[in-house]
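*Asks:* Sequence:
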Amino acid sequence: MAFVTRQFVRAMSSSSAASAAAKKIMVKHVTVIGGGLMGAGIAQVAAATGHTVVLVDQTEDILAKSRKGIEESLRRVAKKKFAENPKAGDEFVDKTLSSISTSTDAASVVHSTDLVVEAIVENLKVKTELFTRLDKFAAEHTIFASNTSSLQITSIANATTRQDRFAGLHFFNPVPLMKLVEVIKTPMTSQKTFESLIDFSRSLGKHPVSCKVVMVPWVDFFLTGDGARVPRACDRLCRASCPPFWFACQESPLSTPEASGGRFGSRQHPGHPLE
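Here the sequence shown is numbered in the working numbering, starting from 1 and rising by one per residue.
Please keep in mind that the hints were generated in silico from the structure rather than gathered at the bench.
Ideal Cβ placement from N, Cα and C applies to all residues, glycine included.
Each statement offered as a hint is correct.
Computed list of lysine-lysine pairs in DSSO-like fashion (alpha-carbon distance at most 27 Å, straight line):
id, residue 1, residue 2
1, Lys68, Lys87
2, Lys28, Lys127
3, Lys192, Lys28
4, Lys68, Lys80
5, Lys65, Lys81
6, Lys65, Lys80
7, Lys179, Lys192
8, Lys65, Lys127
9, Lys24, Lys136
10, Lys95, Lys179
11, Lys65, Lys95
12, Lys179, Lys81
13, Lys95, Lys81
14, Lys80, Lys179
15, Lys95, Lys68
16, Lys28, Lys68
17, Lys136, Lys125
18, Lys81, Lys28
19, Lys127, Lys24
20, Lys24, Lys192
21, Lys68, Lys81
22, Lys179, Lys28
Per label pair, the in silico range of CB-to-CB distance:
id, residue 1, residue 2, range
23, Gly69, Glu195, 27 to 35 Å
24, Lys87, Val126, 39 to 47 Å
25, Ala83, Leu124, 41 to 49 Å
26, Pro187, His141, 16 to 24 Å
27, Leu97, Leu177, 14 to 22 Å
28, Met26, Ala83, 30 to 38 Å
29, Glu84, Thr161, 49 to 57 Å
30, Asp90, Glu122, 35 to 43 Å
31, Lys79, Glu140, 39 to 47 Å
32, Lys68, Thr161, 34 to 42 Å
33, Ser98, Thr59, 18 to 26 Å
34, Ser101, Met26, 15 to 23 Å
35, Thr104, Pro187, 30 to 38 Å
36, Gly205, Phe137, 26 to 34 Å
My request is simple: use the sequences and hints to build the entire structure.
*Replies:* Okay, structure coming up:
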């Protein structure tokens, strides 16, 4: 009887896990708004990891420049990654580029996308106007994310009717090299959306870090010594975002006794803890 009970519990646990996983959005198609340095980098890493990508910007000239930059970046990656097999490197570049299409009309391409990542100018009015428009054309399941490093995600999300499917997804520059991604969950962001973005970030080969409401921009940290014991989280974050500096240290600054009671944040948002 005990054996049967254990088997039943295991079956129920497996069923619950499968059900929870089924609720998450499996991101396969990504629309990146903004063909600048950050947007192009996000498009590159998404395409290189098997996602179908549409890169959107205002003009064909901007998009042509973005695509050229992506190709040059991919060739640098391929030269290092496939040093002993140049042919495989060329195939990698061609396959990745074939997964990226471009458009100057965002509204016409978001109807079939799983995720929209915005990486345009840091202007709240411009961002809210963009998302208000896209909200009318995107599919019901589509997740919206902003790559902003200075604006409140909640303020941008409030411009849409999908606050539960809106979050921050902050990459670091240069995107192909930097492993850290901040996933910023607002009070309205659903757990389903949050977990979907965590999974997506990991599928890119990144290290997602959960942030509560306000991100920590530019990894500009200091210790205020007022409570939260987060040295390991901060250490992990900094190692992923600033490897040249962090790995030059003989010992992590936050592994010292003085930091064990510290709290960290940024000059703009002091003391906001990470999970």
